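Number of protein chains: 2
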Amino acid sequence: MEEAGGSSPALPDDLITVAASLEIFHAAALVHDDVIDNSDTRRGRPAAHRALEAAHRSRHWVGDAGAFGRSGAILLGDLLVAWSDDLLEEGLAAASPARASAARREYAIMRREVTIGQFLDIAEESAYVTEPDDEHAARALRVASLKSARYSIQQPLAIGAALAGADADQQAALAAFGHPVGMAFQLRDDVLGVFGDESETGKPSGDDLREGKRTVLIAYAREGLGSTARRVMDELIGDPALDAQQIASLQQTIIETGALERVEHLIADYAREGERSLSGARLGNAAVGGLRDLARAATVRTT
Amino acid sequence: MEEAGGSSPALPDDLITVAASLEIFHAAALVHDDVIDNSDTRRGRPAAHRALEAAHRSRHWVGDAGAFGRSGAILLGDLLVAWSDDLLEEGLAAASPARASAARREYAIMRREVTIGQFLDIAEESAYVTEPDDEHAARALRVASLKSARYSIQQPLAIGAALAGADADQQAALAAFGHPVGMAFQLRDDVLGVFGDESETGKPSGDDLREGKRTVLIAYAREGLGSTARRVMDELIGDPALDAQQIASLQQTIIETGALERVEHLIADYAREGERSLSGARLGNAAVGGLRDLARAATVRTT
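One line per chain: the protein sequences are Z and G, in this order. Positions 1 to 303 (the working numbering) are the ones given, in order, by the first sequence. Positions 1 to 303 (the working numbering) are the ones given, in order, by the second sequence.
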């Protein structure tokens, strides 16, 4: 309660504002993502475009409620991006020009890369048929790097570090930690997207299969199949009407080809790589402790 | 040719970079707008989502080409917004912190307002049935103020002026000029959206009628009609399948109710208000000359 009066030091407040800017940017990305994926729910509640669609209906407005929901959500995402920028500037207002400019640069990289990663993600869903089978895993890893590893972990660390005046060695150590941990985070997400429990993830089990996400898990599974079985798998993946039995059969295939085990190994390798990068880094004990917790939360999670 | 070598003074180059940032932001808004309005063309060429849809088809990718086009265009718009921000920062890099911060503030206002204006615009298309008839014109003017007057003219002038270190009086004079000229610009756009010649505007004649835009022109026309004729008009406006004869009949109604004449008067009033605000303003002769040209180009145009 005492801290609420404004007696806390200036730096933490500014850091919280910058972190809020990232959170609002993330909300913007999710709102657009849900339109793109045509998702009904987000975090167990109606996706923004569905909520707007419902508002249109309940007010007895005219025209296509679904189209209004999607259009409104595109603009809501745009508005959230604008708000995120405003919060970033607010959080940087008291920083030195050099630190503010470094933080803005890392933020700009994050925004550009995640958007490109999202585009490659949807492009792979459509384009995989025209790419050689043995390149699928590498392409999926590239998407994971841009849309997750760099976006969710590496760049947020780089922004915070820039704001704290980190030197080049410290930034390099954080990048060497953040990227593999972020990769492990996305690969864990891929596993949960196929095998996750709806009561824990808030998303229907097998959702990634219905959406047709071309993850490393799927690339590995295809590598382990003959051409006929592969064709059957390709026909099922991306069908929004997949039923529970079809999902279970795909899950079984992914396990039997050894793809799940390969991805679990990859997750463990990435997690170890992240862990190793912390030893010898000049980051302070409290920071290293926090990063270890982050790595565990990102890779061992069930939701 | 001599200027391309980098010998031109720093300020003009930076100004051009900031202007490019506005242009790229505008491109982003148009890409999202074309998805929202389901427009096939932009400036006489395929809209971005249609171009992406065609690319999907020509490459024989799998899945729904139309959905891919829309999703890709949402992300393209997001990427353009990010690029616009990058250009803004590049253009502000050499400015004093006070001027850079003032320019960022005006830019942030512009982004927020145009997005809210766009949302109100699509909301009015659906919600007008639940609003009192005599409030339609005022609501349409509010949309025009946010999505056009402030966005297209007032705020761009404010950004340039902030960068040039304008004082409060100069900023106030530019706002007093920019807002009415921007209103006239949008009202001219409304007239062209109903009566414009496709060979000049690049958009099919009567496009606003098919889209169901609830402009001041439509609000005035409805004010001039009895309730039965009003209902007939409401049923036609927003029907994407309107044929040439129905468009001609709606145009005729808009003329006969005096709505077109009222809007032309309003355009002339706004243009005069803008003109008046320039006399006595401390803005320099060259600037005032440029602003007069801008006002004429915005309100007397046919495309």
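Be aware that one or more of the hints could be misleading.
[What the hints assert, rightly or not] Computed footprint of chain Z on chain G; a stretch qualifies when at least three of its residues, placed anywhere within it, have a C-beta under 8 Å from a C-beta of chain Z:
1) 13 to 25
2) 32 to 46
3) 73 to 79
4) 115 to 123
5) 212 to 221
6) 278 to 287
[Said to hold, decoys possible] Quick list of the computed label-pair ranges, beta carbon to beta carbon:
7) G:Pro12 to Z:Pro46: 47 to 53 Å
8) Z:His265 to G:Pro12: 24 to 30 Å
9) Z:Pro240 to G:Ser227: 54 to 60 Å
10) Z:Asp40 to G:Arg230: 36 to 42 Å
11) Z:Asp64 to G:Glu135: 21 to 27 Å
12) G:Gly290 to Z:Asp234: 45 to 51 Å
13) Z:Asp13 to G:Arg45: 46 to 52 Å
[To be verified] Some but not every residue of chain G turned toward chain Z, in silico, with C-beta under 7 Å:
14) Ala108
15) Arg139
16) Phe195
What the hints contain is simulated information worked out from the structure, not anything from laboratory work. The structure displayed is predicted, hence computed values, not measured ones. Glycine included, C-beta positions come from ideal geometry on N, C-alpha and C.
How the hints compare with the structure:
Coverage of the segment 13 to 25 of chain G by chain Z is violated in this model, with 0 residues showing a Cβ closer than 8 Å to a Cβ of that chain against a need of three. Check result for the segment 32 to 46 of chain G against chain Z: holds, 4 residues qualifying (beta carbon to beta carbon below 8 Å, three or more required). Given as covered by chain Z, the segment 73 to 79 of chain G passes the check, having 6 residues with a CB less than 8 Å from a CB of that chain where 3 are the minimum. Against chain Z, the segment 115 to 123 of chain G contributes 6 residues with a C-beta closer than 8 Å to a partner C-beta. That satisfies the three-residue criterion, and the hint holds.
For a cut-off of 8 Å, the count of residues in the segment 212 to 221 of chain G with a CB near a CB of chain Z stands at 1, and the three-residue condition is violated. Restraint check on the segment 278 to 287 of chain G versus chain Z: 0 residues with Cβ-Cβ distances below 8 Å, three needed, restraint violated. For proline 12 of chain G paired with proline 46 of chain Z, a C-beta distance near 50 Å keeps the hint of 47 to 53 Å intact. A beta carbon spacing of about 57 Å between histidine 265 of chain Z and proline 12 of chain G contradicts the range 24 to 30 Å that was offered as a hint.
Distance hint check for proline 240 of chain Z and serine 227 of chain G: the Cβ-Cβ separation is about 45 Å, which falls outside the suggested range of 54 to 60 Å. Checked against the hint of 36 to 42 Å, the pair aspartate 40 of chain Z and arginine 230 of chain G passes, with Cβ atoms roughly 38 Å apart. About 24 Å separates the C-beta atoms of aspartate 64 of chain Z and glutamate 135 of chain G, a value consistent with the hinted range of 21 to 27 Å. The hint said 45 to 51 Å for the Cβ distance between glycine 290 of chain G and aspartate 234 of chain Z, and at roughly 60 Å that hint is violated.
Remark: the range hint 46 to 52 Å for aspartate 13 of chain Z to arginine 45 of chain G is upheld by a beta-carbon distance near 49 Å. The closest approach between the C-beta of alanine 108 of chain G and any C-beta of chain Z is roughly 5 Å, which is under the 7 Å cut-off, so the hint is satisfied. Restraint check, arginine 139 of chain G versus chain Z: the minimum CB separation of about 14 Å is more than 7 Å; hint violated. With a cut of 7 Å, the hint placing phenylalanine 195 of chain G at the interface with chain Z is violated, because the nearest CB-to-CB distance is about 24 Å.
Against the hints set out earlier in the document, violations occur for numbers 1, 5, 6, 8, 9, 12, 15, 16.
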